[in-house]
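Asker: One-letter residues, chain by chain:
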Amino acid sequence: MKPVVHQGGWLILATFLAAFILAIVPLPGLLQFVRPEWSALILIYWCMAIPERIGVGYGWIAGLFLDVLKGTLLGQHALCMAVLAYLVINLHQRIRLFPLWQQAIVVWMLLNLYQLLLLWFDGITGQPSKGLQFWLPPIAGMVLWPWIFILLRHFRRTFKVQ
Amino acid sequence: MTLDHRQQHLHALRAGLSLIIAPIEYLVDLPAEVVHWFSESMSSRQQLQEENARLHSQNLLMQARSLKNADLEAENRRLRGLLGSSLKVADRVLIAELYNVDLDPYKHLIRINKTARHGVFVDQPLMDAFGIMGQVIKVLPSHSTVRLITDPGHSIPVQVSRNGLRTIATGTGQINRISLPYLPNNADIRKGDRLVTSGLGEIYPPGYPVATVTDVKRTPDRAFAQISAEPTAHLNRSREVLLVFSGQHIKNMHHSVSKKKRKGKNK
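Sequences listed follow chains S and D, in order. Just so we're aligned, residue 1 is where the first sequence starts under our numbering, counting upward by one. Just so we're aligned, residue 1001 is where the second sequence starts under our numbering, counting upward by one.
Everything labelled a hint here was simulated from the structure, so no lab data went into it. Backbone N, C-alpha and C define an ideal beta-carbon position, used for all residues, glycine too. Don't take each hint at face value.
In silico DSS-like links for lysine-lysine, alpha-carbon gap of 25 Å or less [claimed, not checked]: (1) D:K1138 x S:K70; (2) D:K1068 x S:K70; (3) S:K130 x D:K1114; (4) D:K1138 x D:K1114; (5) D:K1217 x D:K1191; (6) S:K70 x S:K160.
One side only, chain D facing chain S, incomplete, derived with CB under 8 Å [unchecked claim]: (7) I1021; (8) I1024; (9) L1027; (10) L1030; (11) V1034; (12) P1105; (13) Y1106.
Sequences are here, hints too, so could you generate the full structure?
Answerer: Below is the structure:
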């Protein structure tokens, strides 16, 4: 049996880098409340497409970088991303079969969970409450999911990432 | 892990990771920087001349005022000497620049480009040309993070400059409003009063402008009056800010920056 040759690692790195940049790019006014969790979306895609390669560990490391980038408690985003990666890997065979709009709904639920964990951290550390607009980013993520999916699949196929 | 962080054990790890992150921040900041540079190099000769003239007249005005200030300071020192109270050392400042990045939209945090190498320390006050902006909460090798006075988790001890009434101002989460929740209904405060730092709490040096009272609501059935004020600092417009070194920290600054220049403002 021939071992699977991993390739295209740079593309995965590049997508995460782009997600980090998008995570702190200044947005005007109210738009910043709708900013989707780019890195979470990217992580969901890669965990779904190549679960034997990208998993909880990568999620955790990416989350750690996100923590430093956003100046939050070290480990807050890391834990959320790790949980997200675990769930997606568990579900990936099912999600892959769904049509795009159903996938988007699942992604919305996953992002809600991610947001819930973040809210839980804020509660523990005594941050003031944030109101209902805190639940807007998962909706933005859901709306963007089909496009992200198609774009990343195109990249994955052209550069033969496996 | 999280608990560990609360006791600051992971600072070294965060510092290390921040070095890897630094290029990303730089990249995000780049467009704003380029636009700034572009508008500067593209402005016409006439515009530059106008600006030059304006700055010149402003400079003249400031100089005249500072002359008077020096006189007042001398008089103040003499009077303090008569009273036998301690001499207030002049504060010194360091100019820093903001990174153009968005952090959590629910917290009012900003990033600046000065770090421990320049003598920045945690709890150091930050101001712009118009008033107090906030305090440093994290110092990392590539940047420092500052909490603005309008952050909902931030409070600053203030004083009404008209009558010396002391209280605490708390952030509201709106960039143009802070609130004074701890003043009773019969407190002597009214619209237009200027709030300055009181120097209590030993973080902010006394006497710097913080905000102007915009609204006083006295409801008889409440224990405290509802007072809101507008920060005088241009919290979301300033790009260049000043880090204030006061009292014993001036020594630290000397230690880390240079040993020259004993008086006045240092760049």
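Asker: It remains to establish, for every hint, whether it holds in the given structure.
Answerer: Comparing the hints with the structure gives:
1. With a CA separation close to 12 Å, the supplied pair K1138 of chain D and K70 of chain S stays within the 25 Å bound.
2. Our distance criterion of 25 Å between C-alpha atoms is broken by K1068 of chain D and K70 of chain S, whose separation comes to about 45 Å.
3. Under the criterion of a C-alpha separation no larger than 25 Å, the hint pairing K130 of chain S with K1114 of chain D is inconsistent with the structure, at around 30 Å.
4. Of the supplied pair hints, the one linking K1138 of chain D and K1114 of chain D holds, its CA atoms being roughly 11 Å apart against a limit of 25 Å.
5. As the CA atoms of K1217 of chain D and K1191 of chain D are separated by approximately 10 Å, the hinted pair is consistent with the 25 Å bound.
6. With a CA separation close to 32 Å, the supplied pair K70 of chain S and K160 of chain S exceeds the 25 Å bound.
7. Taking 8 Å as the C-beta contact cut-off toward chain S, the hint placing I1021 of chain D at the interface holds, the least distance being around 5 Å.
8. A distance limit of 8 Å between C-beta atoms decides the matter here; for I1024 of chain D the minimum to chain S is near 5 Å, and the interface restraint holds.
9. Look at L1027 of chain D: its Cβ gets to within about 6 Å of chain S, closer than 8 Å, so that hint holds up.
10. The restraint placing L1030 of chain D at the interface with chain S is violated, with a minimum CB-CB distance near 10 Å, outside the 8 Å limit.
11. Because the beta carbon of V1034 of chain D sits about 14 Å from the nearest beta carbon in chain S, more than 8 Å, this interface hint is broken.
12. A distance limit of 8 Å between C-beta atoms decides the matter here; for P1105 of chain D the minimum to chain S is near 4 Å, and the interface restraint holds.
13. Satisfaction of the interface hint for Y1106 of chain D is found here, the shortest Cβ-Cβ separation to chain S being roughly 5 Å, below the 8 Å cut-off.
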